[in-house]
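A.B. asks: Spelled out from the first residue to the last, the chains are:
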Amino acid sequence: MTWFNDIFLDPLSATYFQKALIGGCVVAAVCGVTGSLVILRRMAFLGDALSHAMIAGVVGGYLIMKAVFNIEASAPAMLIGSIIAAVTTVMMIGFVSKSSRLKEDTVIGIMYCGVFAAGIVVLTIFQDIVQIDIMHFIMGDVLGISDSDLWLSVIVAASVLTIMILGFRYFQITSFDPIMAASIGIPVLLFDYLLTICMSFVVVSTVSMVGVILSVGLLITPAATAYLLTDRLNRMMIIAAGFGVTSVIGGLFLSVILDASGGVSIMLFCTMQFLFILIIAPKYGLLADWLRKRRMVPQAVTEDILKGALKINNDHVKIKSIGKRLALPTSTIIKGLRSLVRANYVLLNNDTFSLTPSGHKQALRIVRSHRLWESYLAHIGTPIDQIHNTAETLEHIHDEKTVDFIDDMLGHPTTDPHGSEIPDDFVDASKGMITPISLLRKGREAKICLIRETIIASVDIKIGEHITLGARINSGKTWVIYKENGVEVHLDHQKADLIFAQTTN
Amino acid sequence: MTIKPQGVTPTNGKAQTNTPLAIEVKNLTVSYGSKPALLDVNIDIKQGQLIGIIGPNGSGKSTFIKSILGFIKRDFGTINILGFPIEKAKGLVAYVPQRGAVDWDFPITVYEVAMMGRYNKIKWYKSPSKNDIEVVNDCLEMVRMSEFKDRQIGQLSGGQQQRVFMARALAQGAELLLLDEPFAGVDAATERSILDVLARAKNAGKTLVVVHHDLATAAEYFDQLLLIKQRVFAYGPPKVVLQESLLTEVYEGQLQVFSQLNAQAQ
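Respectively, the protein sequence lines represent chains A and B.
Residue numbers for the first sequence follow this note's numbering, beginning at 0 and rising by one.
Residue numbers for the second sequence follow this note's numbering, beginning at 1136 and rising by one.
I should point out that these hints are in silico values taken from the structure, not numbers from a laboratory.
Quick list of in silico lysine to aspartate or glutamate cross-link-like pairs, EDC-like style, CA-CA up to 20 Å:
#  : chain 1 : residue 1 : chain 2 : residue 2
1  : B       : K1208     : B       : E1222
2  : B       : K1170     : B       : D1210
3  : A       : K446      : A       : E483
4  : A       : K400      : B       : D1331
5  : A       : K282      : B       : D1285
6  : B       : K1223     : B       : D1179
7  : B       : K1337     : B       : D1358
8  : A       : K360      : A       : D423
9  : B       : K1265     : B       : E1276
10 : B       : K1201     : B       : E1159
11 : B       : K1208     : B       : E1159
12 : A       : K400      : B       : E1355
13 : A       : K102      : A       : D191
14 : A       : K282      : B       : D1240
15 : A       : K400      : B       : D1349
16 : B       : K1256     : B       : E1222
17 : B       : K1364     : B       : D1210
18 : A       : K446      : A       : D491
19 : B       : K1256     : B       : D1273
20 : A       : K441      : A       : E420
21 : A       : K310      : A       : D350
22 : A       : K400      : B       : D1322
23 : B       : K1201     : B       : E1222
24 : B       : K1374     : A       : E452
25 : A       : K323      : A       : E391
26 : A       : K400      : B       : E1326
27 : A       : K282      : B       : D1238
Just chain B, with the same shape it has in the complex (with noise of 0.2 Å):
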């Protein structure tokens, strides 16, 4: 179901032999203004992974994964997913916004919003074919959502609303996953939930990149972790990032963070 963009062919010089990055960012940089955002960030990415995006607000957490869905304008740098250069992965890459952004009273249901995942592969004059509807049940079926799926988007819980989301993501096609705070204000029981869909994904082979805000339990869910703020300060096993030096020198002055991390390994 992978879609490869067509008439271009992998930049990546090891793509030929081994599988290509998920992501890989060479010198980005990125301003508002004349703020930095992001400053000469190099990230490489492996393929099947689930990566945390920690640090501080304002530290640009957002920018990166805005970028990565080439929204942003850059100031230099590059860009590839998965071999190809940002302005021709468009598709390669799908975005699970932030509930806040969602407007929960629109009216559309589950299987509506999972569908959007095709719309670029249904010619404008067509219905969804056979194959698109297959395809949604599938991903619907994969977050176990199947059977909401003429509930409208407003009345389900937290938990299930992130599911649809996910569901839609997975409807694309896409193998790079970006979801920016799938857990922010969810309960225990929702948090299991995404955790399970996000683990289900994983072992089909997606990458998952999420923007995380909660040290506490980063390194519960994640395989990798990203520390950033305007530069990459860290990147690898949570381990090796979560260290207490590392993190002081990021999260200054917002140490409440740390006695709640403490409180957690003790």
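Looking at chain A on its own, in the form it has when it is part of the complex (with noise of 0.2 Å):
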């Protein structure tokens, strides 16, 4: 058990170690909830470009003071200066974006470039003076956190996490519409703020732990995990936070085992958690996708499938001869299945399946998509022997709305180019439905409900007559309707079309 011992319980007892552990769980928890709200506006590059424009706010105001007060690496004063370098650089990109055709990233990038090579020369001018080193600003060094540090970064957590609590509806709403909010009288501007100042307090915190470069990394890293696994903004917000204490107890401990440096190690962690949960999130992750679509068959297999089903017409259709009719492995198959099933189209036994009341109305519905395409290219001169192939093509192009107007184009026919019978609109011709009576065929009994003023006079039918469809004759080009008096009535198309009657059968 000694190196239990040697990984984990010493380092526990040290005192650098609890600190680090304590300063770098409180600002790696504020840093997810922070996070959460700048990933979701793609504030990310922002975030970068603070922890490097704040190095020149940091010597100034180590130099301000040591030159005013001749205090020597006052904390208070380079945290303040490190705001100050922030926020002006935050201002600097707001106005040269507005004010230039550049787009914000490209002045992102300018701007705290120029900070950070501003604060970096000054920085070696006064090496002298400024008792600042150099690489623990930009790798950190979270094994050797102060007490004033940790005491600063306890305060900043506090107080950032306030604003985010009492605030959290504001922040919500102006990251998702700000227009909407600023409709309803909430500030945006200053919400916008805010946030921007709370940030650069949380990566002020983050670089004396982790340093410039990777400052940014845990400031998103962990809010980009919990994004993978909630839709509520609030638990996002939790589950970062808890990400981000993970990453620096694992992060910690992996730097003792690889004696590697604390910042690296926990940003390692944090990175590697990412992946870990970028494979394994039950919805959003990588094997929950690769999943669904090795479960997806292309609609024209299960619409295949149906139709072949409704064509064997039996209650129990073997998969076998499914999968010979349509010259598809029976893999295939029991996949196309398995999506239908879950669409409650089919019930499946063991190797055998049957079609359920809405499969059966599923498959007559691309049935006759399919008889009608076949009408529809022999209308428009198809020659005869290619139309069943291309129909098979176009039959699973079968929404409505284009179905009913190819069926109205050609004048509601009952059979295909073959003589097959077209199945009729039994969405809107279904009992009890109004429709134009043009859509009914012989047997069907219907109260007439409505006709259109433009045709009234010149039709003998009245409303609320009872009348039964017969055939239709002129090569299903007149409508044969009988009223309850046995009197016969002819209509075309167009006047069928006009008149609407509610169907009793």
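Can you join these two chains into the complex? Each is in its own frame, and there are hints to help.
C.D. replies: Written as structure tokens, this is what we have:
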């Protein structure tokens, strides 16, 4: 058990490790909360910029305190300096991107590099006076965290968390829909600035832990990890805080095991954690996505299965015989059947299946579409031997609007070019529906409920009369209807479209 | 549930006796740089109507909507909403954004979006009251979205997404609803469901102003049409506005619109 002591218990008894653990967890938790808003607002690059820009403020704050009060390395002054540098950079970015034709990301890049360079140059000029270790600044030093840094982090974290909790609703609405937020009188700009200031404070704390280069990682990675797991902002913030904490704990122990720097170990652990969740997340993970895609079958296949089952017309259709019919491997048919089961179109037994009533209807819809497309192809002069194959493709375009349009254009044919009956429009012409009588076939009964004004004088039918449809004559172009008193009325397509009736059978 | 801005009295003289106009625009002029977006727009819109704004691309439809929302600096002119000057009318007007303008991956549920309509009425240190929750639930019921209230908004159909934002607008208690192209790129079933919600809101006495780009359906959907291109070219019932001579003048060079329209008419 000595290795356990070496890796887990010995470090815990060391004060520097305890401080790193406490400070790191506090900072990482508030990073997760703030970072959630940062990634949703696509401000990650700005976060990176802030961490770089603050060096100018740190140097500035250091120099002023030294020159005016002769205080060495005053932590509060450096903090205030960093905040001022960060806010100034943000304001310059805002000003330049508004008043020039450059896009914001370009301006962010220009400004923070400039401010960073200026900070480093000043630091080099005054290197005899300013006791700042540039490497600590760039790489961070979580294991060497000072008491004043620790206190500062705790205070920053507490204030930012308070602001986030109290302002949650306003941060949510201004991130999601700033236009609407402004229209109900919420000061959008105020909350934008408030978030940027919170972000600056958080970044300043993270820089002392993991350094300039990695600070944006601690800000966005735990939040991004949480984003893969939840669909609510408040939960995302809590989970992100949790991932921040686990990153710090895991990373610090990793640094003991690998004997590596604390900052990079934390970021490495944090990134691995992200990759792990990216793979296994139940809804938005890669594995889930892969499984979903694997289960997916082309719509054409499922529709062909339905149509095939309708033609076989048996309560127990053999899976194998469908496979033969469609010339598809059994595995594809089974995948297709599973997706049809989920849609409640078929019932699956061991090696047979049957259509449910709604599956039967769906199959009829496809047959109707197929035969109407065939009629259409014949209508535009396609050679009869090519009609079927083309319609096999076109039948999958079967939305109601399209099919009804073709049906009407062709004069509501009852049979296709091969002489097979086209299933009637069971959606619009089912029992009790009000429909133009042009859609009704032989034997249907209905009560007339509306006749368009334009033809009311020219037809021998009145509203309220009960009618029965006879077989169409004149190669389907004339509708024959019988009134209750036996009188026979003939109508052409146009008139039949303009008389509406409620079906009674 | 109507909220009245406090400390102001309606400026419309007729307001005391009659119901005030939903929107009253006088001499509105807006420009971006040197380009005029709206020129001397005058319009009176009565309450309780479903109004479509039509006009070619870049005709100022969106600018008009944004002006009514109070987002745009006017060069001059006045806008009164329900008798109140626009600056005092915050909360009386609700905006339903264009679908492309929404981040559908945002971690937020249907219920939370609708609750946003109440955010300006909830004190910052309080949670939503019983009344707020009741109003939000009623509004979701009205647009028939109650059963989806815990869904993330990206996992809805186009029509359902539109209805969520309608619910939010209704939850705001706004009397005037502005919708930016709700029918853009939706299928027939969605179109019907949106129309159904618009009709319900109208029956509840709301005034709805809808930016619309499809002339072929404009007559069917709206009570009144407003034809804009920088100026107001016509305002009235569809029969009056959709005249070929008028449309040719406004839609110069975009003639495919007419062939479509004529095909519909024949």
